[in-house]
Every structure is written in C-alpha cells, then in structure tokens.
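Engineer: Here is how the chains run, residue by residue.
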Amino acid sequence: MWASPMAIRVEWALRLKGVEYEYVDEDLGNKSEALLRYNPVTKKIPVLVDDGKPIAESTIIVEYIDETWKDGYPLMPADPYERAQARFWARFAEDKCNAALYPIFVTTGEAQRKVVHEAQQCLKTLETALKGKKFFGGDNVGYLDIIVGWFAHWLPLIEEVSGASVVTDEELPLMKAWFDRFLAVDVIKAALPDRDRLLALNKARREQLVSSA
Amino acid sequence: MGDHELKLLGMWASPFVLRARLALSFKGLSYEYIEEEIFGNKSALLDKSNPVHKKVPVLIHKDKSICESQIIVEYIDEVFSGTGPSLLPVDPYDRAVARFWAAYIDDKLFSLFMMMIKGKTTEDKAKGRRHSFAVAETLEGALKGCSKGKSFFGGDNVGFLDIVLGGFVAWVHTRDILSRSKQFDAGKTPLLAAWLERFCALDATKAVMPDVEKLVELSKMRQARDDAAAAAVSQSN
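Chains F and C, in that order, give the protein sequences.
Its first residue numbered 1, the first sequence is counted upward by one per residue in UniProt numbering.
Its first residue numbered 1, the second sequence is counted upward by one per residue in UniProt numbering.
Please note that the accuracy of each hint is not assured.
[As the list claims (entries may be wrong)] Below, computed lysine-lysine pairings styled on DSS-like, alpha-carbon distance capped at 30 Å: (1) C/K108 with F/K31; (2) C/K144 with C/K220; (3) F/K44 with C/K48; (4) F/K131 with C/K42; (5) F/K133 with C/K48; (6) F/K44 with F/K31; (7) C/K127 with F/K43; (8) F/K43 with C/K125; (9) F/K114 with C/K42.
Think of the hints as simulated: they come from the structure by calculation, not from any bench.
The structure presented is a predicted model; accordingly, all values stated were derived computationally and were not measured.
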C-alpha cells in the first residue's frame with residue numbers, strides 16, 4: 001500500500017540488493033483475493049511473494065531478502081552479537097517507539113506536549129544505537145536503518161500535521177542528522193511515497209481522529 | 001562440556017526464560033544460571049545488562065548481553081552452530097515461516113494467557129478461553145505445515161519454533177490444571193496435543209521444565225493478591 005511504512009522497508013531492501021520486483025498496490029478497505037490467499041493469518045501487507053511462496057511481516061521479509069540474495073549488498077551485520085543488537089533495536093522501535101509516536105498524532109495541547117515528551121525519551125534510547133556511527137548499520141545503511149528509516153520521511157510530516165516538534169537538534173541531534181543522511185541515499189530516496197500526497201492523507205486522518213477523540 | 005562463558009539471568013516461572021533454557025538444553029551448552037527474584041528488587045547485574053527493559057531472560061556471553069528470548073535463541077544457534085543440533089531451519093523460506101509463527105505466538109498466545117489469568121470478569125476470562133481455542137486451531141495448521149508429517153515444527157528434531165512455543169508449555173499445563181480443561185485439546189487440535197506430549201517427554205525438555213505444582217501455587221497466590229487489590233479498590237470507591 002503506497003502509504004505504508006512497512007511496505008517501504010521491503011522495497012528498500014530489494015532495491016539495495018538490486019533485485020527486480022513487481023509492486024502491487026492493495027486497497028486495504030477492499031483487500032484482494034490474492035492478499036487473503038497469500039496471508040490468511042493476519043491479512044496484512046506487506047507480503048513478498050517469491051516464486052509463488054509468500055512471506056509476511058516486514059522485519060521477517062527483510063531478513064529473508066538478505067539470506068536469499070546473500071551475495072548482494074549486506075543488510076544484516078556479519079557478527080552474531082551485532083545481529084542480536086540490530087534485532088533488539090528493531091523490536092524496541094516497533095514495540096515502544098511506534099506506540100509512543102501514535103498518541104502525538106491524535107492529541108492536542110497539553111495532552112500532546114506530554115506524549116511528545118514520552119516519545120522523545122523513547123527515541124533518545126533508540127538514538128544510543130547511533131552513537132559514533134553514520135548509520136545504524138555503521139558506515140552504510142543496514143537492516144536497522146531500513147526498519148527505522150520510515151521515521152525520517154514520516155516524522156517531519158507528522159510533526160507538521162500535528163503541530164508538534166519531536167525530533168529537534170536540541171533533543172535528538174544524532175537522530176536528526178541521521179534523518180538527513182538516510183534520506184540523501186539514492187536508493188532510499190527513489191522509493192519514498194510522494195510527500196504531498198502523504199501529507200494530504202495524514203491531514204485528513206488527523207482531523208478525523210482528533211474530532212472523534 | 002567446556003566453558004562457553006555463558007550466564008543466564010532468569011526467573012523460574014517465566015516462559016521467556018524457559019525458552020532460553022530450552023535452547024541451551026537442546027544445544028547441550030553449559031551455563032551459569034542466576035535467579036532473579038519475582039517480587040524482589042531487580043539485581044544490579046540485571047539493571048546493568050538490560051538497562052532498556054530490565055527484564056529477564058538476559059544471556060551474558062563473555063560480558064556481552066543479549067536480551068529478548070527469541071533473539072537469544074537465534075544468537076545461541078548462530079554462535080554455537082557447531083555444537084548440538086541446528087535450531088533454525090537452513091532454507092531461508094523455512095526460516096521466514098518459522099519466524100512468522102514465532103512472532104504470531106508472541107503476539108497472540110502471550111496476550112491470551114494474560115487475558116485468562118488477569119481477566120477482570122468471568123466474561124473476560126471466557127473471552128480469553130474462546131480466543132485461545134481459535135489461536136490453538138491456527139497453530140494446529142502451522143504445525144501441520146511446518147512439520148510436514150513429522151514429529152516437531154522443526155521436522156524430525158526440535159527446532160526454533162518448537163522452542164518458542166515450548167517456553168509456554170509449563171503455563172499450558174498450569175492453565176490445564178486450574179481451568180480443568182485442555183488448552184491443546186486432543187479432540188480439536190490433535191497434532192498440537194500430540195506435540196505437547198512428545199515435547200515434554202524429551203530429556204532436554206525435562207531437564208529445564210519448572211515444577212508445574214509450584215506454578216499452580218504461584219498462580220493461585222497471584223490471583224489472590226489481585227483479587228485482594230481489586231476488593232480494596234472497590235471498597236475505597
């Protein structure tokens with residue numbers, strides 16, 4: 001689905017590996033027969049179908065891509081401990097940071113200020129994994145950059161739509177610098193959804209959510 | 001056996017710790033086990049080695065800490081690939097399928113157990129039980145697909161997914177006793193029921209399985225404590 005950060009991860013992984021793929025957009029309000037057949041358990045996108053075999057869950061798909069096209073660009077770190085660290089932070093970002101960011105989108109005023117602060121604490125913890133490095137993956141973009149990378153494109157947008165300030169030079173300097181570096185990578189830039197279209201979609205969503213809150 | 005320089009911080013009743021212990025057991029790896037108190041203060045070692053979550057299990061390998069039970073299992077499998085059986089499948093697609101079901105188990109099964117244990121009303125608990133049968137049926141399908149007619153999710157031998165689900169086995173037995181029903185009913189989920197028996201009969205499993213009677217006692221004690229807390233709250237309202 002064009003606006004899904006989870007689907008973008010898969011595209012980034014495939015593009016870094018130089019693997020050709022056919023992109024099929026799903027209307028999540030009217031899921032296709034193919035999606036329901038390929039992922040009957042959770043019925044979610046993204047689903048990668050490789051030679052008729054479906055793989056679901058974006059973090060799992062990215063590892064699959066790395067293992068299947070193992071001679072291409074390396075996504076996972078080579079060292080098992082570094083791999084464990086990358087998986088740990090990916091899980092932290094998915095479980096904690098995502099949950100901390102969503103409330104910003106649906107709140108205003110004092111309530112929002114409170115959740116912004118909480119989200120910043122969460123992101124500060126994640127930021128420790130960036131210390132002394134250009135990317136989470138080291139000198140080059142890797143698995144963790146791919147998993148967390150959607151923040152770089154989506155967060156500034158969410159900030160604009162919600163009137164909040166989350167990732168700033170004062171609060172999260174390493175993360176802010178990483179946002180710029182990450183979005184400057186050609187392969188990453190090439191797969192981003194159109195900003196204006198995304199902005200319009202999220203503006204409408206926020207209005208709906210805030211008014212019904 | 002050799003010194004692998006492994007320490008495991010754990011808690012005897014935790015299904016996530018049990019996963020890590022099962023992995024170490026099936027791989028035949030020796031380690032120092034350090035018990036964290038359930039209701040006590042967290043130890044300095046735990047604070048230091050898992051500063052983000054302060055939870056067990058934590059595997060400490062030569063002074064490096066690895067957290068999160070599934071991540072620990074994968075780490076053990078990768079680092080000690082020459083020792084004992086391989087836990088993750090070799091084929092990337094089979095690995096992706098195993099990881100998918102492992103994520104499903106953590107997402108659905110754990111929250112269901114919580115609903116059944118901590119459910120405020122009998123209705124909550126009943127809802128938990130209904131959903132758990134639905135999840136069990138889905139896992140039955142997963143077992144059928146992954147095992148391809150063999151004994152375990154991993155095929156002929158115990159693998160990653162057996163260990164991931166295996167961590168919950170003590171709680172399954174505990175719930176069976178407390179609810180006087182079967183979580184993995186042989187009538188509804190025959191493969192899963194057979195798997196449970198087979199898995200629990202293995203020496204490597206028995207070596208680390210916690211005492212189910214103690215778990216039943218712990219459950220009752222927790223329930224009594226929760227009930228007392230709830231009663232105190234309603235009295236003060």
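Engineer: Next, verify each hint and record whether it holds.
Structural biologist: Structure-based check of each hint:
Of the pairs offered as hints, the one joining C/K108 and F/K31 holds, with about 23 Å between alpha carbons and a cut-off of 30 Å not exceeded. Simply put, C/K144 and C/K220 have alpha-carbon atoms about 35 Å apart, too far for the 30 Å limit, and the pair is violated. Restraint check: the Cα-Cα separation between F/K44 and C/K48 comes to about 38 Å, which exceeds 30 Å; the hinted pair is violated. Using a Cα cut-off of 30 Å, the hinted pair F/K131 and C/K42 holds, with the two alpha carbons roughly 27 Å apart.
Restraint check for F/K133 and C/K48: satisfied, since their Cα atoms lie roughly 23 Å apart, inside the 30 Å limit. Distance restraint check for F/K44 and F/K31: the Cα-Cα separation of roughly 9 Å lies within the 30 Å cut-off, and the hinted pair is therefore satisfied. Straight-line distance between C-alpha atoms of C/K127 and F/K43 comes to about 22 Å, which keeps the hinted pair within the 30 Å bound. The suggested pairing of F/K43 with C/K125 holds, with an alpha-carbon distance near 26 Å, which does not exceed 30 Å.
Using a Cα cut-off of 30 Å, the hinted pair F/K114 and C/K42 holds, with the two alpha carbons roughly 28 Å apart.
When each numbered hint is compared with the structure, violations occur for hints 2 and 3.
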